[in-house]
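Protein chains: 2
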Amino acid sequence: MTFEPIGVVHSPFKTIEEMPIQPAGADAVAGTIEIRPDLVEGLRDLDGFSHLFVIYHFHQVRQTQLTVTPFLDTRPHGVFATRAPKRPNPIGLSVVRLAGIEGNLLHIENLDMLEGTPVLDIKPFVPEFDQPEQVRTGWLEAARGRVLNQKSDRRFE
Amino acid sequence: MTFEPIGVVHSPFKTIEEMPIQPAGADAVAGTIEIRPDLVEGLRDLDGFSHLFVIYHFHQVRQTQLTVTPFLDTRPHGVFATRAPKRPNPIGLSVVRLAGIEGNLLHIENLDMLEGTPVLDIKPFVPEFDQPEQVRTGWLEAARGRVLNQKSDRRFE
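Chains as they are written, first to last, in the numbering used here: chain X, 99 to 255; chain F, 99 to 255.
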């Protein structure tokens with residue numbers, strides 16, 4: 099199936115090395131998502147939501163790996179058990195904080211995407227749908243808490 | 099950009115009318131996601147996670163609407179302020195509970211997808227990344243609590 103971007107990310111991160119690995123590690127980093135002008139009508143009432151899912155294309159990823167050693171571990175895991183970008187479909191997902199909307203510009207407070215990232219979809223975060231209880235996180239249990247200051251490197255280019 | 103499905107959903111919901119609108123409304127409904135056999139290596143260690151994001155194609159959606167009146171309200175909202183399927187890119191996102199894995203079959207406990215839904219990606223749900231605090235949900239505030247028993251209808255075919 100074929101998709102066209104609905105917009106593009108403007109971010110202070112110009113290279114993969116300087117990116118945080120998830121928005122939780124990028125609290126202070128602001129950026130914008132520029133939505134295509136012909137889609138602005140679709141943003142109506144979005145400003146009532148504090149948090150959004152952004153679904154985007156890892157546009158700088160050139161390869162797929164079925165087993166990856168993620169930033170947070172030294173052992174390999176199946177790519178579907180990680181958030182690593184070299185996936186069979188290089189689609190990214192982040193929960194970001196919406197600070198405000200001006201026209202077709204979404205002001206985002208905790209970006210973890212590269213400048214120029216093509217955005218595929220924006221959805222409101224709704225706790226009733228999106229916040230499960232009694233969550234287990236497998237290999238990541240040991241890594242929890244180490245995430246906040248972890249930066250990316252070149253392994254996923 | 100073009101993506102190929104990584105798998106397919108097997109669900110008791112054969113038509114749009116009988117679907118719940120989100121997994122929170124489908125606690126008791128079990129189903130499976132059948133991953134392509136050539137991608138099974140990518141599932142390694144996924145069984146340690148209790149919850150997954152499933153990113154999928156709303157394959158029965160034929161139209162885009164920039165303004166929609168969602169199931170949970172009587173007033174129109176911009177499509178990006180809703181989870182409605184008739185989006186510029188008909189991509190769905192659900193948080194589901196993983197009950198177990200057998201070979202290339204993921205057993206899911208709270209499905210809200212149609213039989214035959216093409217799956218684009220699977221990611222582990224990680225509270226540190228995916229569970230924001232102090233969430234506001236705009237027009238949905240009034241509708242919260244009404245979600246659990248809401249069923250779909252034909253408006254999004």
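Keep in mind that the hints are not guaranteed to be accurate.
It does not matter which identical chain is meant; a pair holds if it fits inside one copy or across any two.
[Said to hold, decoys possible] Heads up, simulated EDC-like pairs for lysine to aspartate or glutamate below, C-alpha to C-alpha not over 16 angstroms straight-line:
| # | residue 1 | residue 2 |
| --- | --- | --- |
| 1 | Lys184 | Glu139 |
| 2 | Lys112 | Asp145 |
| 3 | Lys184 | Glu102 |
| 4 | Lys112 | Glu213 |
Please keep in mind that the hints were generated in silico from the structure rather than gathered at the bench. Model, not experiment: these values are computed from the prediction.
Going down the list of hints, with the structure as the test:
{"no.": "1", "hint": "Lys184 with Glu139", "in the structure": "between (33 angstroms within a copy, 14 angstroms between copies)"}
{"no.": "2", "hint": "Lys112 with Asp145", "in the structure": "neither (27 angstroms within a copy, 35 angstroms between copies)"}
{"no.": "3", "hint": "Lys184 with Glu102", "in the structure": "between (20 angstroms within a copy, 15 angstroms between copies)"}
{"no.": "4", "hint": "Lys112 with Glu213", "in the structure": "within (5 angstroms within a copy, 41 angstroms between copies)"}
Hint compliance for this structure: hint 2 alone is broken.
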